[in-house]
Each structure stands twice: as C-alpha cells, then as structure tokens.
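Chemist: Position chain B relative to chain A; hints supplied.
Protein sequence lines, in the order shown, are assigned to chains A and B.
My numbering puts the first sequence at residues 1 to 300.
My numbering puts the second sequence at residues 1 to 206.
Hints in this document: simulated from the structure, not taken from any laboratory.
Glycine included, every Cβ here is placed at the ideal spot set by N, Cα and C.
Some clues are possibly wrong.
[Unchecked claim] Covered stretches of chain A, as calculated for chain B (at least 3 residues, CB under 8 angstroms): (1) 54 to 60; (2) 198 to 212.
[Stated by the list, open to error] Label-pair ranges, simulated between beta-carbon atoms: (3) 199/B - 227/A: 55 to 63 angstroms; (4) 105/B - 212/A: 23 to 31 angstroms; (5) 5/A - 68/B: 35 to 43 angstroms; (6) 277/A - 201/B: 55 to 63 angstroms.
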Amino acid sequence: MAEKNYAFYPGCSSQKGASAANYLTSVNAVCNKLALRLTAIPDWNCCGASISYAGGSELSRQVLNARNLALAEKHLPGQDVVATCAACWLAARETREQLVASEPLRADANEALEVAGLEYQGKAKVRHMVEVLIEDLGLETLAKPVVKALEGLKIAGYVGCQTNRPFGIAGESFENPQYLDRLIEAAGATALSDYDQKVTCCGGALAFTEPEKSQAQIKMIVESAYDQGADMIVTPCPLCQANVEVYQSQINEKQGTKLNMPVVYYSELLATAYGASAKEAGLDGHLIAPDKLIDAAEKR
Amino acid sequence: MSEADHSSAYRREFLAEVEREVEGGTWVKMCMQCGVCAGSCPFGPHWEHSPQKIFMMIRAGQREAVLRSESMWLCTSCYNCVVRCPRQLPVTHIMHGLASYAQKLGLAPKLQATRDFSLQFWENCTRTGRVNEMRLTLGLYFREGLVAGFKQAWAMRTVAWGLLRAGRLNPAELVGGHRCADANGIKAMLAKAREIEARRKAQHGH
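Just chain A, with the same shape it has in the complex (with noise of 0.2 angstroms):
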C-alpha cells in the first residue's frame, strides 16, 4: 500500500496522561497497518476548543488556530492537517474558513503571526481522521486488513454533536449519518441502525459545570443502546466517549441504575480487527472495560 503523508494534529485530550491517551493509542495502531504516516505538527498548540469563549476574543481564538496551520505549511508543507478529536478539528476548521474567505482578517491575524515568526498562507486544509479514512482509503480498503471476525457483536454508533455538525462528512446527513455504521461494518460487527440517539448533544464541557442536566442527555444516550440491545457504544469524539463512559457511575449512585455500558473509539474496534492487542488497541484505558473486545483481542 503506498504510504500516505498528513500533518497530525493529535490535541490535548490525547497526549500521554490525558482523557483520551488510549485514543491516540488506537489510531497509532491503525494508521500503521493502513500506511498513513501521520507527523504531529512540530509545538502544536490547544485549539481553545468553543468553551473558551468568554476569556479569549474573536481574533485570539482566531489566531491560535492559526497558528498550527501555520506551523503545518511551514514545516510539512503540501499536507492536510488531521485531527481526531472533534472539538480540535471544528475550531481548526472554522478558523480556516473564515481566514481563506475573508483577506482583511488574514492580515490581522498574520500580523499577529508574525510576532510568533509565523505566516499563514491559508493552504493547509483541514481533515478529521474519519475522513481520511472514509475519503482517501474507503470502506473497501479498510475491511481488507481484518483477521479477527467481530462477528455477533451489536454496536450502537454514537456520532454525537461536533463530529457531525455544523461540517460533518461530506453528503452525510446531520440528522441521521451513516458513516459510523459503515465504519463498524467494516470491522466486521454489527452496526444497530436504529439507535436513536446517535446525535443526540452529551453535555459536552457542560457535563462539568451542569453535571445533573448532562447526566440526563447521557442516561438517554446509554439507555437506548441498551434498549437495541447494544454490545457497547462506538464514538469518533474523545469528550463524547469520555462524559459517556465516565459518568455512567455517577447516574448509578444517584439514581439508583445499573448502567455498565462500554464506550470505546471507532479506532479501538478496528484496530482489534486488525489484530492488535488488547494494549496495542488502547483497550486497557477504560472505566467500564469492553470486555467481548478484549476477549476477541486476546484470542489467538
């Protein structure tokens, strides 16, 4: 397979010690037997994600996206920019946006650039890894590496909010995408077309400061893949996968419920398809543990 070359930006979320690490052990995982090479944007800063908004201004948001495209041209240039977590690769995008369509608002922020010895020439575009998946190799192309049959394992596809909306995957609907299910289906389990909830809003960074109406978003979101009779929930959002899985104890203790529901990375379940292992595959980094995915990692 011939190799293909993207400027990675990973996010915070996915550094070594942090929320979604096991993620960035997944996608490490299938990248390599897919022969994407990924090179992380050398010093790549926060996006500022959409919560940062009452302490940084327009421009200052603006700018410290700019900034790692910025870095992108210059030291890998003529790649896309990459991101797998949804908030990184909405706030990269939309900077990009409204930088290439406006040229006044590209000189002010390259004024500001230039302060960092930067410049951005507005080149770089900016990708989710699910779309590099999806666009540039194919469902095709992704089955082929599949040793391990994840066969009978009912998968309920939560999509959620920033992943889907206000960009999505191109021709993909926001009400009800399919790509997810696509995605399950070529590792090989089975994709429960008719869970409910698969864009319904988490909390997102609310989950922290609104925890009781978050909790209510998540309890419907794991309570209709039980309903479907969900073998565990797949995401492509580290915050997604993380208020989802994580809070699940909390609605235990206050309401009284039982709810033990795996969620685990789309890159987690291919990559076991692949053959990893359970580690290789950043299975070991759960609270609630996928335990039919370990078993299907660890069978030889």
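Modeler: Structure of chain B alone, referenced to chain A:
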C-alpha cells in the same frame, strides 16, 4: 429605564450595539421567530430565554435582561440550532458572542459555573499552549472555596480513581504537565491579537 420601554430609538440602539460588538450580531435582525433553535436545543427546557426569545428581546431593546441572562451560558456548542435554522443564522456563535460581550461589560451572572469554567479554560490553555486537565478540573471544583472543593473532589473519587487506573489522569500535571516549547511566542501573539482588535475598534468606533 424600565424594560417595558418601547421607544423605537432605544430599540435600534441595542440592536445596533449587538451588531457592532457581538460575534455574528449582524445576523440577529434576520431571525424570523420560527422557534426551531429553541426546540432543537438539548438544554432548551432549562433556558429562561431561548435563542428565539433572545433575538426578539434584542430587537425590543431589553439590554439588561439579555446581557444579565444566564441562558446563553447554557449553550453546549452542539450546533443543532446552526444546522437547522432555516435562515442559517450562526446561532451558537451569537450565543457565545453575547455571553462573551456580557462578560466583558461585567454584566454576566457572577456565580455562573460555565462562565467560570470558560474563563479558566482560556487561562489554562494559553498559559503553556496546552490544556492541563488536572488543573482545569481542580480549578472548577475549588472555585467556591476549599470546603466545597474537597466535597466535590470526594464525590468524584470513584471516577478519578478509574481514570487514574486507565492512564487517563496524571496527578503529576499539578506540578508540571505538557507545554509548548514556544509558550512565550504564543503569549506575545495573543497580546498582539488583542492590540489589533483594540485598534480596529478605535478605527470603527462611534
């Protein structure tokens, strides 16, 4: 001036202020009051004033009620309203913009947790160029003092222990943590951005 003041001069004044000062503000007049945003919001039932109402209140000149509202701070940035708005208003951006403007004017509700978190997040991620999740979480827990902080940390102990065991929480971040090599360059760049914004404001000022 009471909020029931309906003088047209005042009405235009606040709408004009929003158009001038708030991100996406020029879109406010385009709202056709269909209510799709209100019905699409995951926290919609908890908003005192839905985006639809906020847009009308802006046009009705209810400056204080809008800027002191808790509602905008309930936005989860899910973008449901943005993709569904028949007139394609960037509703999420406008809500963030209003919250940010209220904060700048000192009118935002003081004990609003999301307001605090938003400020802390910006401070946190621009200090070294990378988010320090450990400091961010504890900063939020302890925002109302030591006792409240320990209480909250205790309530979350199972979650914290689980994350720790899963390798997704690192207490060592309290003293060190990830950082950008050019953290100083980032700070200088952001200071410059503020300076440029101030200059633009002075140029287009009224």
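Chemist: Evaluate each hint against the coordinates.
Modeler: Cross-check of the supplied hints:
1. 54 to 60: n = 7 at 8 angstroms, threshold three: holds.
2. 198 to 212: holds (count 9)
3. 199/B - 227/A: 55 to 63 angstroms: 56 angstroms Cβ-Cβ, so the 55 to 63 angstroms window holds.
4. 105/B - 212/A: 23 to 31 angstroms: Once the Cβ atoms are compared, 29 angstroms apart, the range 23 to 31 angstroms for residue 212/A and residue 105/B holds.
5. 5/A - 68/B: 35 to 43 angstroms: violated (51 angstroms)
6. 277/A - 201/B: 55 to 63 angstroms: holds (57 angstroms)
Taken one by one, the earlier hints fail for this structure only at number 5.
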